[in-house]
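Residue numbers (this note's numbering), protein chains in the order written: chain A, 1 to 203; chain B, 1 to 203.
Keep in mind that the hints are not guaranteed to be accurate.
Stated by the list, open to error - One-sided and incomplete, this derived list gives chain B residues near chain A with beta-carbon spacing under 8 Å:
#1 A116
#2 T119
#3 Y171
#4 I185
#5 V200
By construction, these hints were calculated from the structure, which means they are not laboratory data.
All C-beta atoms, glycine included, are put in the ideal place defined by N, C-alpha and C.
Below are the chains, spelled out letter by letter.
There are 2 protein chains.
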Amino acid sequence: MEREPTIPGSIRPGGRTARIRDAVLRAAGDLLAERGFAHLDLSEVAARAEVGKTTVYRRWRTPAGLVADLLVDMAETSLPHSDTGSLRGDLRANADLVANTLTDSRQGPLFRALIAAATTDDATATALHAFYDTRLAEWSPCIESARARGEVPPGTNPRAVLSAVSAPLYYRILTSSAPLDENTISAAVESAVIAAQTGVFVI
Amino acid sequence: MEREPTIPGSIRPGGRTARIRDAVLRAAGDLLAERGFAHLDLSEVAARAEVGKTTVYRRWRTPAGLVADLLVDMAETSLPHSDTGSLRGDLRANADLVANTLTDSRQGPLFRALIAAATTDDATATALHAFYDTRLAEWSPCIESARARGEVPPGTNPRAVLSAVSAPLYYRILTSSAPLDENTISAAVESAVIAAQTGVFVI
Numbered sequence: 001m002e003r004e005p006t007i008p009g010s011i012r013p014g015g016r017t018a019r020i021r022d023a024v025l026r027a028a029g030d031l032l033a034e035r036g037f038a039h040l041d042l043s044e045v046a047a048r049a050e051v052g053k054t055t056v057y058r059r060w061r062t063p064a065g066l067v068a069d070l071l072v073d074m075a076e077t078s079l080p081h082s083d084t085g086s087l088r089g090d091l092r093a094n095a096d097l098v099a100n101t102l103t104d105s106r107q108g109p110l111f112r113a114l115i116a117a118a119t120t121d122d123a124t125a126t127a128l129h130a131f132y133d134t135r136l137a138e139w140s141p142c143i144e145s146a147r148a149r150g151e152v153p154p155g156t157n158p159r160a161v162l163s164a165v166s167a168p169l170y171y172r173i174l175t176s177s178a179p180l181d182e183n184t185i186s187a188a189v190e191s192a193v194i195a196a197q198t199g200v201f202v203i
Numbered sequence: 001m002e003r004e005p006t007i008p009g010s011i012r013p014g015g016r017t018a019r020i021r022d023a024v025l026r027a028a029g030d031l032l033a034e035r036g037f038a039h040l041d042l043s044e045v046a047a048r049a050e051v052g053k054t055t056v057y058r059r060w061r062t063p064a065g066l067v068a069d070l071l072v073d074m075a076e077t078s079l080p081h082s083d084t085g086s087l088r089g090d091l092r093a094n095a096d097l098v099a100n101t102l103t104d105s106r107q108g109p110l111f112r113a114l115i116a117a118a119t120t121d122d123a124t125a126t127a128l129h130a131f132y133d134t135r136l137a138e139w140s141p142c143i144e145s146a147r148a149r150g151e152v153p154p155g156t157n158p159r160a161v162l163s164a165v166s167a168p169l170y171y172r173i174l175t176s177s178a179p180l181d182e183n184t185i186s187a188a189v190e191s192a193v194i195a196a197q198t199g200v201f202v203i
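Chain A with its partners taken away, still in its complex shape:
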């Protein structure tokens, strides 16, 4: 990626380039959350970000290119895994993070828009899958620690355990008008914990 030289007073090297990217990705995320991928227009993103249209077209080229970079940024800036000392505690922290994201007034619609876009656009699907892959890799040490503590059997697949926690939360917001409530969150955590302890995820 092209970098500007350090600008005095800027937060980090390449300040101007980074600021442009931040503003453009913020505007793209806002527009996706508001209206979905089908209406994502690069000129409108540029206008909202107060960045030159040419800059946006030259750097991101297409709406799919912009969404792919947004997902890279989301993966880079998302929260690190917990280390509460127990599998249940770590999975609960992960469930809370997912639930807070999915019910957030901006992040919730944004994730729904990204999942929807991935169903029709192959480049977005690749970028979205890479995002989830990064998240699963980031949180896998929680399951490895549980294994080291003897909470789960050898060979337990970290990604399968973590997916078991997230899946019911996504399923709820995509297939139901009922709220993503505490019962759903705690049932997701408890069933993942029990199933992991029992060796269901030794796969």
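Following the hints, complete the assembly by docking chain B onto the known chain A.
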């Protein structure tokens, strides 16, 4: 709903109306699976169904109206619940049904398109949630039978158990490029069985 009188030689009363509906919903499902909701055009549906454009516009009015009726038809014609004599057997049958649907070359893209459409269109969201509500109600007797056999504790929520089986399958196809494989299906069934037995879904 308007019905034609019985037509001699037709399969059922209102044969012509029913045949038109079948053809239109089939074409709508095909187009949704191929290109998604954003490109669903009533004139194109009419042409593909070999039905007059006026008929389609008068009866279904909008793409969302057409999708809502498609979901009503899908709920009406979807397979009844299993009765294998065990919770594990019934949940496995349900998981196989969901997995076969999601990996089918037509039904898979169709479901992805419907889920995507529901993220941007409120009427489609209402219709999609009603579809899943009907499916959960249809399969709930499996969990009530398991309760009667003493396989799960009193107060077990049938919808929570059934959602626990489906959720990992949907999560896999929406967030990953990895295939919906036997490991994922059997882990979904086993964790739902174990969690249900343990009382996690008494909620």
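Evaluation of the provided hints:
1. For A116 of chain B, the suggested interface contact is upheld, since its CB lies about 4 Å from the closest CB of chain A, less than 8 Å.
2. Taken as an interface hint, T119 of chain B checks out: its beta carbon lies about 4 Å from the nearest beta carbon of chain A, inside 8 Å.
3. Nearest Cβ of chain A to the Cβ of Y171 of chain B: about 4 Å, under the 8 Å cut. The hint holds.
4. Interface restraint check: I185 of chain B against chain A, minimum CB-CB distance 11 Å, threshold 8 Å, status violated.
5. A cut of 8 Å between beta carbons decides the hint on V200 of chain B: the least distance to chain A is about 5 Å, and the hint holds.
Checked against the numbered hints given earlier, this structure breaks only hint 4.
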